[in-house]
Structures are given as C-alpha cells and as structure tokens.
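Engineer: Here's the letter readout for the chains.
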Amino acid sequence: MMRILVVEDDLEAQKYLVNGLKEAGHVVDDAAEGETGLALALSRPYDVAIIDRMLPKMDGLKLVEEIREHGNATPVLFLSALSEVDDRVKGLKAGGDDYLTKPYAFVELLARLDALMRRRQPAAVKTRLLVGDLELDLLSRGARRNGTPIDLQPREFRLLEYLMRHANQVVTRTMLLESVWEYHFDPQTNVIDVHISRLRAKIDKGFEHPLLHTVRGAGYMIRAQA
Amino acid sequence: MRKLKLFRTLAFRIVLIYFVAFALSAAAIVAFTYWNTVTALNGQTDRDVTDEANVLSEAYDRLGIVGLIDEIIARYPLGPQGHLYLLAHTDFRRVVGNLDDWPQTEQLSDDTVEFNYEPRLHEIHRARGRIIPLTGDYELLVARDVAERYQTEQQVQANLPWSVLLMVVLGLAGGALISHQLLARLDAINRTSREIMAGDLSRRVRVGRTGDEFDSLSENLNRMLDRTERLMKGMREVTDSVAHDLRTPLNRLRNRLESISNGLDPDSTEATAVEGAIAETDRLIATFNALLLIAEAEAGVAREAMAPLDLRGVVEGVTELYAPLAEENNLSLDIAPSGEAVIQGNKTLIEQALANLIDNAIKYTPPDGRVRVAVQSTPLGVALSVADTGPGIAAQDRARVLERFVRLEESRNSPGTGLGLSLVAAVARLHDATLTLADNAPGLKAVLLFPSMRTGA
Chain A
0 MMRILVVEDD LEAQKYLVNG LKEAGHVVDD AAEGETGLAL ALSRPYDVAI
50 IDRMLPKMDG LKLVEEIREH GNATPVLFLS ALSEVDDRVK GLKAGGDDYL
100 TKPYAFVELL ARLDALMRRR QPAAVKTRLL VGDLELDLLS RGARRNGTPI
150 DLQPREFRLL EYLMRHANQV VTRTMLLESV WEYHFDPQTN VIDVHISRLR
200 AKIDKGFEHP LLHTVRGAGY MIRAQA
Chain B
0 MRKLKLFRTL AFRIVLIYFV AFALSAAAIV AFTYWNTVTA LNGQTDRDVT
50 DEANVLSEAY DRLGIVGLID EIIARYPLGP QGHLYLLAHT DFRRVVGNLD
100 DWPQTEQLSD DTVEFNYEPR LHEIHRARGR IIPLTGDYEL LVARDVAERY
150 QTEQQVQANL PWSVLLMVVL GLAGGALISH QLLARLDAIN RTSREIMAGD
200 LSRRVRVGRT GDEFDSLSEN LNRMLDRTER LMKGMREVTD SVAHDLRTPL
250 NRLRNRLESI SNGLDPDSTE ATAVEGAIAE TDRLIATFNA LLLIAEAEAG
300 VAREAMAPLD LRGVVEGVTE LYAPLAEENN LSLDIAPSGE AVIQGNKTLI
350 EQALANLIDN AIKYTPPDGR VRVAVQSTPL GVALSVADTG PGIAAQDRAR
400 VLERFVRLEE SRNSPGTGLG LSLVAAVARL HDATLTLADN APGLKAVLLF
450 PSMRTGA
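Residue numbers (numbering that gives the first Met the number 0), protein chains in the order written: chain A, 0 to 225; chain B, 0 to 456.
This list has only true hints and no planted wrong ones.
With a cut-off of at most 16 angstroms between alpha-carbon atoms, the simulated EDC-like pairs for lysine to aspartate or glutamate come out as follows:
1) B:346 - A:85
2) B:232 - A:85
3) A:14 - B:257
4) A:125 - A:160
5) B:346 - A:177
6) A:56 - A:32
7) B:362 - B:326
8) A:56 - A:8
9) B:232 - A:86
10) B:346 - A:181
11) A:14 - A:28
Since the hints were made in silico from the structure, they are not lab data.
Isolated chain A (complex conformation) (with noise of 0.2 angstroms):
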C-alpha cells in the first residue's frame, strides 16, 4: 500500500486514475490545479506523487521546484501530454523523477511507481541478487543458476540486473528501454523482446520452473517459484 497524491487537471482521466490506484489497493489524494497540489505536498507524507505537466494556477514544473524548495524529496512521477522532445529533460531537471507521456497504458504507471518506490527504499548496498536459484554477483559480474555459471554479454548482465533489483514487479518494455538502455526513442519493433527471449534462453533453459516470465499486455517481471 502506497500514500499516493494524484495532481491532474483533467477530470475524467483524474478519476480514472484514482480509481485505479485506489482498486490497486493504495490511498489516494488528489487535487485539480498546481496550488491545491503544494499545499496537500508539503503538508502530508506521500509515499509518491504524480502531477500532471500543465496545470491552472502553477504549471506542473514550478509546482516540483517548489516542493524541492521546500526540501521535500518525495518521488515525482510527471505526466505530460506536451510534446516530447525535450520535455522530459525539463521535467527532470525540474525534480521529477520519472517522466510518462500521455496515453499511457495504466499497467505502465503501476510498473513505474513499483519502480520509484522500490528506489526510494535506502537499499543496502548488495552484492548478490538472488531470486530463486538464480544468483547474481555485482562484483565479478558473473551469473549462475542453480551452481552452474552462465555466460552473459555486458547488456545481458545489466537486463538481468535491472529485472532482478525489481524482482516480484512488472517491468515494461520501455522501462526496460529507458534503463538499460538509456534510450527515448521508439524503437519500431519489439527488440526489447528480442533480448528478453535471448536471456531466458540462457536463464531458463533445461530448468524446470521458469524464473523469468511474461506478463501479457504489460511486460516482464522474474520471480522464483511460488
């Protein structure tokens, strides 16, 4: 269960949005305008917030910038509907922390609040990941599951790395895109698929429980056998 603010103008994809994340089991605030949404900021704990990039009253980025005046770090996910070139650069470098074009899929929302919440926790600083019988080493970078090692390609390392420091969540292709890879770009075709299928054949082939599964309509997610 999350503490979520939800900032957005639009009042039809606001209660959408509400609704969503209230049936994803987590507590919503929401305000329509920026000025309403600083006040709920700085005056409640909020485990995460998303705010809309155009609002009445204080656009979306001064409204971040403020909070961040206010030496509040709670994670910001913005969603614009402006164009995107540099748009996410803006946002960013305003304090957001992840950025979201509209139309998004909501699965996709979901995956990346997972994501920012799974950052804000002060992780220890690990050397193994371990999911199931699956083992990873950040220091001599090496794989082995089940005791046997696999050989994995620099990218393949940092695919598997990325998935396993957010094992038991949906990742989305393009989180996957944007992480890994560091792209924006569409990139036409499903190659994040692609890689996928080259990792579970390295993974997962000749075992007999999968570790690595597809969540259909929303992206991938590894978990050890229930």
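Go by the hints and put chain B onto chain A.
Structural biologist: Below, chain B without anything else, positioned relative to chain A:
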C-alpha cells in the same frame, strides 16, 4: 593552398589595401613637397642671377669691357656665399672674376647651368647660374652658390631608403591596427551567431554605444533573433497545444477501453475486441507521436537540445540494440570501423533516425543478407550510412518514399506507419544534413551527410 587562403581573408586584404593607399599618398606628399621646395629655391636663384647678369650686361653696353671689369671687381666682397663671376675670352681664358678657372658646366636648360667649384681647398660647392655671351669675343659667367640646396637634396636622397622603410612599417602597422579593430568586432558578432546557431536562441549580440555601422548590424541581427525566437516560441506553443489537445482525448479513450477491459472475462470475445481496440489506439498514438516529432524537427524546435555528439557511440549503441533482431532474421548486422565523428546534434532524434533506418533495413532484407552501418568523416562532412542487401528502392521512387505516409506497394502489408523515412528526412533537415537514398547494388544505401562541426574559435 595556404597562401590562397591567406589572401582571401579579410584581415589580409584590409592590411594590403591600407598599406597601398598609405604608401601611395605618403610618396605623393613627399615627392610634391620636395619638388616644390627645389623649384622655389631654383627660381629664386635664377631670378637673382638674371638680375645680376642684366646689370652687368648693361654696364658692358654702357662702359665697355673696362667698365665691366671694374663693376665685377666692385662686387667681389659679396663673398663665397654670394655671387660668382667670371669674365673670360671665348676660349675660356680668364680675364677677371672670383673664380679661378672656367668650370665644367652642366647645361640644365637654354640659359641655366650648374657646376662645381672650390671656394676653399678641398671644399667643393655647387653653383647655379648662366652664361652670357658678350660682343667682342667675351663670355660672362654669373652664378650663385647653391651648396645648401644641394646638400639638402643629397641628404633627402641618402635618407630615401629609411623613409621608405618607415613608410612600410607605418603602413603595415596602421593596416594591422585597423583590420584588428574591424575584425575583432566582426569576430564578436560571428562568435555569438555561431553560439546562437548551435541552439541558444536567447543569446544576443553585444551592441556598442557608438552607434556606428557595426552597432546597427548588431541591432539588426538582434531584431532578427527576437523575431526568430518569437517564431520558435510560437511553434513550440502550437506543437504543444496540438499535442495536448489530441493526447488528452486519446488518453481518455485509452483509459475507458482499459476500464472496460478490466471488467471482462479475459477469454471472452468482447475482451479480445477491446484489446484489439486498445492496440489500434496505440498504433494511432504511435503515428501521432511520429508526426509530432516530424513537425517538431521541421519547426526547428529541437534545435535547442543540440550538443556535440560522437556518432560512433550512437552507432555502436543502436546497432547493439538491434543485433539480436537481425540475428533472429538471419542477417548479419555490422559496423564498418571508423574514427571519431563529432557533429552538433540532438541525441535522441539522431538515435531515432538511425533506429528507423536499421529497422527498415532489417525489415526489408531477405534472410542471409547483410546490413552494414558506417560512420565516416569525409571532406564534405560526417556521413552516417546504413546499407542493406535487400530489394532496394527503384530510382524513380526514392524521392517519393521520403514523403509522409507514402508506402510502396511491396511493403503495404508489413507493419509500420509510413513515417519512418519522413522522420529521418526531417531529422536530416533539422541538422542541415542531407539524406540520400542510393543503390547499394543490390540493396539500399541510405546516407545521412552531416556538416562537420566547426572546431576551434
């Protein structure tokens, strides 16, 4: 090559023109002054001599040879700096006078002669005068010492090389100073213009306070920049509001479809239909995003986000992203080795353009083919190329495929928006690059030729 280039620089030409003008005018002034002074002095001497000669001729006419001799002797005390007289027979035998011998004379004009004489031992003076033939086989030489004038003349001639040297030095220094002054201001304007072209539209050229031509050039430039900045801002506002006004309803549409889908049994036909509708919406969004990106690239809005960019890194990254896809299609995807290739560019847009080209190449090349990506610094600029061994594009269709939504018959059924190459073309225009589709014999070779980044100042 180097010399030609030097000659073409404005600095060199200004120095040269200034130097020539300075040298010519200085030479003219010196020559005129010199000539004027000498003429005046000679005129004075000639008049004196003529007066004296007239007086003596008259004395001869009136009093005869004895009277003339008396008259000449009476004039001696005028001394060596004064007049010189010599009366002689026609065969140059001296009769009387303050010159010992008839000198070697130089005839300068009909009645003017110049000669050297020795007033004292080992001292040679110049004199100027005239020779008057007298009846009765006499000749009278009347002259004046012009040593001072002659010395001045000699000195001027001796100093001539030094004067020329001084003139050259002053001319070059003056030219260099002027050219430095002019060029420093031009350079300041140029530097700012380059920075502005590189993306920072808020910069302005500094305007001085003298209100001269450079200041008015700067003011005009700044006014042009104000207008461009307003246009760009307007463009951004337009793309932003188009984006906002279309994305908001699309967002609601997708939200509603998702809501409906959530309430359905995932295996029902309704669920399949709604999922189809969501997928269709996503395609619509993809097309809209591509169009918006093209519009932004063409409006030059994205120019603001440009920075020096090494294309090698871009090529390595994007190629790596597509490598498994190529492999899955039984294609070899490789990079031709290259050196550093830095351009001024928008990273995300160039990555997107390259991704579109590679994606196209993979899509259209039959199995066992080859896709080769290359970056090359050439004298014309930095060339980024993607060459495949697919069916290629017929020469007459090559211009057409760059237009929006144009898809050739052969590819009408494969997935895609028909905007991939138009976006590449728009990105090319944004970067002042040219996009060429050429025959790879067999296959297609798409080449993006970027202007090289200016290095140095």
